[in-house]
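Engineer: What follows is each chain in one-letter form.
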Amino acid sequence: MMINELIGRKVGMTQIYNESGQVVPVTVVEAGPCVVVGKRSLARDGYNAVSLGFGEKKNKRTTKPEKGQYSEDVSPKRIIKEVKTEEVESYNIGQEIKASIFKPGEYVDVIGISKGKGFQGVIRRHNFVGGVETHGSNFHRRPGSIGASADPSRVLPNMKMPGRMGGKRVTVQNLSVVVVDDSKNLLLIRGAVPGARGSLLTIKRRVSNG
Amino acid sequence: MKIKLSIPEIEKGYMKENIPAFRTGDTVRVHTKVKEGNRERIQMFEGIVIHRKNSGLKETFTVRKVSFGIGVERIFPLHSPLVEKIEVIRSGKVKKSRIFYMRDRSGKKSRLKEREDYKNGDKQIASAE
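So the sequence lines, in the order shown, correspond to chains A and B. All letters in the first sequence, in the order written, are residues 1 to 210 by this note's numbering. All letters in the second sequence, in the order written, are residues 1 to 129 by this note's numbering.
The shape of chain B in the complex, shown without the other chains (with noise of 0.2 Å):
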């Protein structure tokens, strides 16, 4: 007897749905929930998606951001009911599905340039709506 039910039939009831497109190089604010004692609040994480990792429910995304001079990354998973939401501010032009270069670059080196098609396509799309 083959098998009829496949691992990412049976995530697709777990994952997020209304999760917006975002690559490697896109700047994101990623709302999470914090729980401190009985407080739940939202707290914000704002950086360059510098990595897109795993595929299905097990997707995780690594965020940097230089902090007071400090460069800070966190990984998210994709899917997690702790994060709240994400929020696609600017596109970044990259080569790379990893821009893991982005670590030793510092100042106008690392600036990125917004994606052509994102600029002209995705958002009058998001005017649009």
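Extracted from the complex, chain A is given alone in its bound form (with noise of 0.2 Å):
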């Protein structure tokens, strides 16, 4: 089991033509180069794999703790993530995982933390339907009841009410690669990924076969 996972950047969305002249809308993702930083082993740590580590962190700004991780040809890098892996022992440290490990057409699932919505009401936070704006109505975006009287005389847990939305771990499935850059450590991946540009996300290859 090769790895499987990278840490990338969302670099923004445009549109390619595919060979037949349709429009393919696009995420750009900068994909690594991941370098590996660390080995975790079986037999030392319990489990397999391997930490990866994307984008350079100024030696001036590491700490003396966080730079005893690194050993000496790895500089500091501004995040580090552990990936599974059972080939701990064909990596070694200080290579370059690069966009390469994924192919054109290959599918895969991404992760990143979604744009962050504020305070926002149940219709957009839950998609409830909410009121009738005419007709004397004076209900239009309430959440309505939120339980019973004195049975249960309380909230149940789990309750849809308005709150903070968006800012959450999201993750998105079955996304085709469309083109693999790996020059400029490009994935053009069809369709939307979660988050802002420029925030980190993690492509893996897709888990489910549907």
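Since the hints were derived computationally from the structure, they do not count as laboratory data. One thing to keep in mind: the hints can contain errors.
With a straight-line cut-off of 25 Å between C-alpha atoms, the simulated BS3-like cross-links for lysine-lysine are [said to hold, decoys possible]:
#, chain 1, residue 1, chain 2, residue 2
1, A, Lys115, A, Lys103
2, A, Lys184, B, Lys12
3, A, Lys184, B, Lys58
4, A, Lys168, A, Lys84
5, B, Lys58, A, Lys98
6, A, Lys103, B, Lys108
In this text, all values refer to a predicted model and were calculated from it rather than measured experimentally.
Using the hints, put the two chains back together into the complex; each one sits in its own frame.
Structural biologist: In structure tokens, the structure reads:
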């Protein structure tokens, strides 16, 4: 099992044309290069994994305990993430994992932090329908009843109510890779991915077969 | 970390390079690839550009012609591989970037004057090439 995961950054969206001239909406993702920063082995840590680093970090801004994680030939990284793999032995510290681990036509799952929407009502947050706007109605965008009376005399857990929306970890499954640009470390992924431009993403080979 | 890559830069790699300079008001002949079964042929559409929209790879333009008394408009994606070639036939002097008023005009009213700078400049360059 090779590494099936990369850390990346969302660049933005655009469109390209396929061979038959159709427009394909794509998200440009700067995927890697990820550097192998460390290894975890079954004998020592109880599981097999490789820790990948992405993005350069100024030496000056790195604390001494943090620097201790890196071997001498690896510079400090902005983000470190452990990726499970059985073939820990076949990877060396300092090795670069590039966007070319994915091929055009493959399917990937993309994980990111969605854009924060602030405090939102139930219509936007939970797709409630709301009331009618006219005919003397005073019930427009309210949530309505949130429970019964003396029984159960409390609000049940997970009741859908207004509150903070977005800014959460979101996974989008089964997005197809349209173009892999190895020299620029770019992936062009069909469709939208979570998060704002410049936000961090994890790109995985797809989990489901559906 | 700053984003080194920008969308306009990435789009450059997918854009056509040899697009002739044309503006709203110009008369163009657009060669498009049409697939009929297994055969591919070139179809032409000639008319006045009434609008250019968006920028970069997403740019499109609208061409209007009057065919057998009926106005026909087609929107072409500028960088689509199906748009084989764009020929600029005549320039037109207009004051707006969207000349949708052409839809209400017919006959002699729908004539456009030729652009002066085009007459003197571009044409000479074109003939010199």
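Engineer: Please name the hints from earlier in the document that this structure breaks, with their numbers sorted from lowest to highest.
Structural biologist: 1, 5 and 6
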